[in-house]
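A.B. asks: Sequence:
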Amino acid sequence: MVMVYLFFVLGIILLTKSANWIVDSSSSIAKRFGVSSLIIGLTIVAFGTSLPELVVNLMAAFSGNGEIAFGNVIGSNIANVLLVLGIVAVIGNVRFKHETIWNEIPFALLAAFVLFVLTGNLFGAKEFLIRDDGFILLGLFVAFLYYVFVMAKRGNKEFDISSIVGRSNWKIGLKLVLGVVGIYFGGKWVVDGAVVIASQLGLSEFLISATVIALGTSLPELVVSIAAVRRGDIDLAVGNVIGSNVFNICWVLGIVPLISPLAIPAFIGLDIGVMFLATLLLFVFVFVGKKGHISRTEGIVFLLSYVLYIWYVIIRG
Numbered sequence: 002m003v004m005v006y007l008f009f010v011l012g013i014i015l016l017t018k019s020a021n022w023i024v025d026s027s028s029s030i031a032k033r034f035g036v037s038s039l040i041i042g043l044t045i046v047a048f049g050t051s052l053p054e055l056v057v058n059l060m061a062a063f064s065g066n067g068e069i070a071f072g073n074v075i076g077s078n079i080a081n082v083l084l085v086l087g088i089v090a091v092i093g094n095v096r097f098k099h100e101t102i103w104n105e106i107p108f109a110l111l112a113a114f115v116l117f118v119l120t121g122n123l124f125g126a127k128e129f130l131i132r133d134d135g136f137i138l139l140g141l142f143v144a145f146l147y148y149v150f151v152m153a154k155r156g157n158k159e160f161d162i163s164s165i166v167g168r169s170n171w172k173i174g175l176k177l178v179l180g181v182v183g184i185y186f187g188g189k190w191v192v193d194g195a196v197v198i199a200s201q202l203g204l205s206e207f208l209i210s211a212t213v214i215a216l217g218t219s220l221p222e223l224v225v226s227i228a229a230v231r232r233g234d235i236d237l238a239v240g241n242v243i244g245s246n247v248f249n250i251c252w253v254l255g256i257v258p259l260i261s262p263l264a265i266p267a268f269i270g271l272d273i274g275v276m277f278l279a280t281l282l283l284f285v286f287v288f289v290g291k292k293g294h295i296s297r298t299e300g301i302v303f304l305l306s307y308v309l310y311i312w313y314v315i316i317r318g
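First residue of the sequence shown: 2, per our numbering; consecutive thereafter.
It is worth saying that the hints were derived from the structure and are not from the lab.
Distance condition first, Cα-Cα at most 20 Å in a straight line; then the derived SDA-like pairs of lysine to any residue:
1) Lys189 <-> Val5
2) Lys176 <-> Ile30
3) Lys189 <-> Ile13
4) Lys189 <-> Ser200
5) Lys176 <-> Thr44
6) Lys172 <-> Arg33
7) Lys127 <-> Gly274
Derived CB-CB ranges, DEER-like:
8) Arg231 <-> Ile131: 38 to 48 Å
9) Arg33 <-> Ile316: 42 to 52 Å
10) Phe114 <-> Val5: 35 to 45 Å
11) Arg231 <-> Gly270: 30 to 40 Å
12) Val151 <-> Gln201: 46 to 56 Å
13) Gly93 <-> Leu309: 16 to 26 Å
14) Phe129 <-> Gly174: 38 to 48 Å
Cβ atoms here follow ideal geometry from the backbone N, Cα and C, with glycine treated the same way.
Using the sequences and the hints given, assemble the complete structure.
C.D. replies: Structural data, given as structure tokens:
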């Protein structure tokens with residue numbers, strides 16, 4: 002039991018250090034290639050910080066446990082918006098670019114709605130996410146990547162190829178790789194430790210996955226976003242959260258049904274609804290008054306909303 006706590010603490014330390022490496026290296030890549038930090042956050046960083054969710058869901062798929070898989074993704078996405086962006090907003094002013102308000106956030110809303118439909122909450126009950134559902138989610142994921150790279154191409158500036166060739170670039174690449182690997186192992190140690198600790202308290206599998214595991218797998222997004230804000234890179238923090246939510250729904254839940262049918266919890270519709278409403282609330286906050294940012298007060302509203310959701314999940318059991 003001592004080793005469980007030890008690896009849990011080491012996992013948190015590794016997550017924090019790896020997050021700093023990812024922020025540093027991805028920001029350097031953005032500057033060298035003339036690509037905006039928002040695009041880097043939506044792709045490379047979002048991919049790296051979504052690895053813990055993918056690992057947990059693959060394990061759940063092989064064990065036939067749909068509650069853990071869905072609880073992990075839905076709980077993590079809710080935490081990303083309400084907890085991560087809530088904390089980031091309290092720390093500093095979070096300002097959104099025009100394309101984020103009108104493109105990335107609506108895409109995250111679309112992904113949540115598609116998942117709501119595929120899980121049988123609109124046209125009748127379903128028991129499993131099957132291979133066809135996985136292809137639909139992956140198709141949506143490809144469309145998202147296409148949009149991101151089109152935006153990157155439009156915003157790309159001319160650059161001298163000599164500026165991206167050199168020894169320092171190997172260091173940047175190495176930092177990025179080590180950061181992604183560190184995020185993976187750090188997230189796994191935190192989740193494994195949290196599951197053992199929580200299971201000893203007699204909690205249900207969905208409760209564990211939607212709270213403890215979701216918080217554990219959202220730690221990468223949290224530490225990356227906080228590190229980015231402290232460095233003044235708001236675009237990277239925002240892109241990381243929005244990108245990770247799209248990755249979690251379309252990529253993580255898209256891959257799993259290709260391996261094995263994924264059992265759909267009977268009550269998951271309400272949780273998906275909370276995820277959708279959280280993203281919609283984000284859109285409303287940045288749109289109202291055309292101010293394009295989240296204030297500290299709105300950040301506190303996010304945090305209180307997250308506490309209410311966790312309270313509801315615990316009461317539901």
